[in-house]
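The listed protein sequences correspond, in order, to chains A and B.
Last residue of the first sequence: number 393 in this note's numbering, and the count goes up by one each step with no gaps.
Last residue of the second sequence: number 340 in this note's numbering, and the count goes up by one each step with no gaps.
Among the hints, erroneous ones may be present.
Claimed, not checked - The calculated EDC-like cross-link candidates involving lysine to aspartate or glutamate, where the alpha carbons are at most 16 Å apart (straight line), are: (1) K158/B x D85/A; (2) K285/B x D28/B; (3) K172/B x D68/A; (4) K170/B x D85/A; (5) K158/B x D248/A; (6) K133/B x D85/A; (7) K299/B x D262/B; (8) K170/B x D248/A; (9) K133/B x E215/B; (10) K172/B x E76/A; (11) K138/B x E215/B; (12) K141/B x E219/B; (13) K258/B x E306/B; (14) K170/B x E76/A.
Hints in this document: simulated from the structure, not taken from any laboratory.
All figures in this text were calculated on a predicted structure; none of them were measured in a lab.
Listed below, chain by chain, are the residues.
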Amino acid sequence: MIDLRSKNKPLIGDESYRAREATRRRKEWFWQAIIFVLTIALLYAFGQNIYENLQARDIRSGFAFLSDRSSFEIGESLIPVSSNDSFGRMFLAGMLNTILVAAVSIVTATVLGVIVGLMRLSNHPLVRFLGVAHVEFYRNIPLLIQLFAVYLVITEFLPDSFDPLMFGSLVMLSKAGLHFTVPHHLALANVCAFLFALVAGYFCRRFYIQRVTSLMATLLGLGAGVLAGLFIWFVFGCVFGWSQPKMDGFMVSGGAAATPEFLTLWIGLTTFTSASIAEIVRAGILAVPQNQWRASEALGMTRLQTISYVVLPQSLRLVIPPLASQFMNLTKNSSLAVIIGYPDIVSVGNTSIVIMGQALEAIVLIMAVYLFLNLIIAVVMNALNARVTAAPK
Amino acid sequence: MQTKLSVMSIALLGLAVSAQANASSTLDTVKARGQLICGVNTAAPGFSSVDSKGNWTGLDVDVCRAVAAATLGDAKKVKFVPLSSPQRFSALQAGEIDMLARNTSWTMTRDTTTGALFTAVSYYDGQGFLVPKRLNVKSAKQLNGATICVQSGTSSEKSLADFFNTNKMKFKTVVFDTTEATQAAFFSGRCQAYTTDMSDLAGARINSPKPADYEILPEVISKEPLAPAVRRGDDQWYSIVRWSLFALINAEELGITKANVDQKLAQDKRPDVQRLLGASEDMGKMLGLDKQWSYRIVKQVGNYGESFEANMGPNSKLGLPRGNNNLWTQGGLLYAPPIR
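Working from the sequences, and respecting the hints, build out all of it.
Here it is, written out as C-alpha cells:
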C-alpha cells in the first residue's frame with residue numbers, strides 16, 4: 001500500500017508499515033479517549049441526578065453518619081463493640097465478622113473439596129459413590145435452603161442454654177453456642193500464636209522443600225504452623241491462666257464462643273463450596289495426560305504417591321483460576337448471613353439503614369467492602385497462578 | 001467517523017435530558033390508574049395479613065380501603081404490596097406505592113430524613129418482651145445478660161439498646177431479616193426473649209406451638225405510635241390520607257357504623273353527623289374529592305371501632321384490649337380533629 005501522506009516520496013516496506021501502525025494507534029487512542037471521557041461524564045451525570053433527587057425529597061445524604069452513635073448491639077464481634085460506639089466501628093466489626101467466616105470457610109472448603117474430588121477418582125466403587133453423592137447433593141440445593149436447614153437442626157437439637165452439655169470443664173455446648181476454654185489475654189495470645197505459626201510454618205516448609213514437592217512442603221508447613229500456634233496458646237494458658245466458660249445467669253462468662261449462627265454459616269458455606277471445588281479438582285486431575293499416570297506406575301509409585309508427586313502439582317495450572325472464582329463466590333455467599341442472624345457486614349448495614357435512614361450510602365459501603373475483599377482474593381490467586389504456570393527455569 | 005460521533009453525542013444528550021421524575025399529583029395518578037397501591041406488611045396478624053384465598057384483612061388494610069373508598073369510590077380498588085422492613089421507605093420514596101400502611105412507628109428520624117411524612121396515629125403501641133414462662137422472669141429488669149431475638153429493619157433494636165443502657169444491663173442480640181425467622185429462632189429456644197411491638201408479640205404468641213408457655217412482660221420500653229405515611233411534597237394527598245383516618249375515628253365517636261349509616265343519614269339531624277355523611281356542607285371539595293367521600297368510607301369499610309373489633313379486638317384471635325386505642329371519651333388516646 002502506498003502511503004499518500006508524504007507526497008514527495010512514497011514510503012515502502014518497513015517504513016510504510018511503521019507509518020501505518022502509527023496512524024492506526026493514534027486513531028485507537030483517540031477513540032478510546034473519547035469513550036473514556038463520555039463514560040466519566042455519564043457517571044458524573046448519574047451521580048448528579050441522584051444527588052439532586054435526594055436533595056429535592058429532603059433525604060439526608062453524605063457519610064457524616066459514620067461518626068454518630070450507633071445505638072444498637074450485635075451478637076458477636078472480634079473487636080469489643082457496644083451501642084455507644086460509632087457506626088464506623090460497627091461497620092468495621094461487621095467486616096471483620098465477614099472476613100472471619102469467609103477465611104475459615106475457604107480453608108475448610110478447599111480441604112474438603114480436594115478430598116471429595118480425589119474420592120470421585122478412586123478405584124473403590126463405594127468411595128466413588130460417596131464422592132458423587134456429596135457433590136450432587138450439596139451442589140444442587142440452593143445455599144439459602146441449606147443454611148435454613150442447618151440452622152433449624154442446630155437450634156432444635158442442641159441442648160437448652162440452661163442445661164448445657166459439658167465436656168469436662170473445658171467445652172460447653174448449648175443453644176447459645178460452642179463455648180471453649182481460652183487463655184487469658186486472648187488478643188495477645190492470638191497475635192503471638194499467629195506470628196509464631198507463620199515463622200514455624202515458613203521454616204518447616206524451607207526444610208522440606210528440598211526433600212518433597214512444593215505442594216507437600218507447603219501443606220507440611222501449614223500443619224506445623226497450626227501446631228505451633230496451638231502450642232503458643234497452651235503456653236499462654238499455663239502462664240496466665242485459663243478462662244473457662246461458666247453459666248452466669250443468662251449469659252456464659254469466660255471462654256470464647258462459636259455461636260450457632262457462625263457454625264451454621266461455616267458448615268453451610270463449607271459443604272456447598274466444597275462440592276464445586278471437588279469438581280474443579282477432578283477436572284484438573286483428569287486434564288493431566290494419561291501418560292503421566294502410566295509412567296509413574298512404571299516407575300513403581302503407588303497411586304497415592306502418583307497423585308501427590310506427579311499429578312496434583314501438574315493439575316494446579318488448571319485448578320487455580322476456577323478456585324479463585326469459588327473463593328470469591330464463597331465470600332459473596334457469606335452475605336446470606338443476614339437470613340440466619342449472623343452479624344456480618346450486610347446485617348450491620350441493614351440495621352444501620354433503619355436507624356439512620358441513608359440506604360444509598362450504606363449499600364455503597366457494603367459493596368465497597370465486598371469489592372475490596374474479592375480483589376484481595378483475586379490478587380493473591382493471580383500471584384499463585386503466575387508462580388504455578390511459570391516456565392521452568 | 002462523523003456519523004459515529006454524532007450518533008454517540010445524540011444518545012448521550014438524550015440520556016442526560018431524560019429526567020427528573022414527573023411531578024403530577026398523587027391523587028391524579030391514583031385516579032388515572034383507577035387503583036390505589038398500598039404498601040403493607042408481609043404478615044402482621046391484626047394489621048395486614050392475607051389468607052389462602054388472597055383476601056387481605058387488618059387495621060392497616062382497612063385504612064387503605066378507606067382512602068380508596070374516598071378517592072376512587074370503591075374500597076376494593078386497592079392493590080396491596082407486601083414490603084419487608086428495610087424496603088418500606090425506599091418503595092415509598094421511589095413511587096412504587098402511593099401510601100405506606102405497614103404498622104410503622106412514627107419517629108422523628110423517619111419523619112425528617114426518609115422523605116416520608118407521617119399522617120396520623122392509627123394505633124398507639126409500645127415495645128415489650130415475650131419470654132418463656134420457665135425462665136421465671138417477672139420483669140424486664142431481670143434480663144441482664146440475656147440473648148434477645150429481634151428483627152432487623154425495625155425501631156426495636158435502638159429502643160432495646162437504650163433500655164438496657166439506662167438500666168445498666170448487658171445483652172446480646174440475634175438479628176434476623178424476616179419476622180418468621182425471628183419467631184422461629186425464639187420459639188426453638190435460641191434466645192431467651194423476643195422483643196417487638198406489643199401487638200406483634202400477641203400475634204406471635206398466638207401463632208406459637210404452645211402459647212400457654214410464653215408470657216408478655218409488663219414493661220413497655222418505648223412509645224411506638226403506628227401511623228400511615230405518604231411521600232413528602234404532596235400536601236393534598238397528605239390531607240386526604242390523614243382525614244380518611246380521622247373520618248374513621250370520628251365515625252366511631254358519633255356512633256355511626258356500617259350497618260346504621262343509611263339510617264343515620266336519613267334520621268340523625270346532628271350537624272356533625274350531617275357533615276360527616278355529606279348531607280349538609282361539601283367538606284370533600286376542600287380535599288379535592290366529592291361530597292360523599294366520608295359517607296363511602298363508613299358505608300364500605302365501617303368505623304375505627306368496627307375495624308379494631310374485627311381484626312384484633314378482645315373477641316378476635318389476637319385478643320387485644322382497646323387500652324390506649326380507645327376514643328378519648330372512653331379513656332383512650334384517639335382524638336380526631338372535628339370535620340367542620
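Hint by hint, here is what the structure shows:
The suggested pairing of K158/B with D85/A holds, with an alpha-carbon distance near 13 Å, which does not exceed 16 Å. As the CA atoms of K285/B and D28/B are separated by approximately 15 Å, the hinted pair is consistent with the 16 Å bound. Among the hinted pairs, K172/B with D68/A is inconsistent with the structure: their alpha-carbon atoms are about 21 Å apart, more than 16 Å. Between K170/B and D85/A the CA atoms are separated by roughly 15 Å; this keeps the pair inside 16 Å, and the hint holds.
Proposed proximity of K158/B and D248/A is contradicted: the alpha carbons are some 25 Å apart, above 16 Å. About 34 Å separates the Cα atoms of K133/B and D85/A, which puts this hinted pair outside 16 Å; it is violated. Using a Cα cut-off of 16 Å, the hinted pair K299/B and D262/B holds, with the two alpha carbons roughly 8 Å apart. Between K170/B and D248/A the CA atoms are separated by roughly 12 Å; this keeps the pair inside 16 Å, and the hint holds.
Between K133/B and E215/B, the direct Cα distance comes to roughly 6 Å. Compliance with the 16 Å bound is thereby established for this hinted pair. Of the pairs offered as hints, the one joining K172/B and E76/A holds, with about 8 Å between alpha carbons and a cut-off of 16 Å not exceeded. A threshold of 16 Å between alpha carbons decides the hint, and for K138/B with E215/B the separation of about 9 Å falls inside it, so the pair holds. Simply put, K141/B and E219/B have alpha-carbon atoms about 9 Å apart, close enough for the 16 Å limit, and the pair holds.
A hinted pair counts as satisfied when its Cα atoms are at most 16 Å apart, and K258/B with E306/B qualifies at roughly 8 Å. With a C-alpha separation of about 13 Å, the suggested pair K170/B and E76/A falls inside the 16 Å cut-off, and the hint holds.
The structure fails to meet hints 3, 5 and 6 from the earlier list, while all remaining hints are met.
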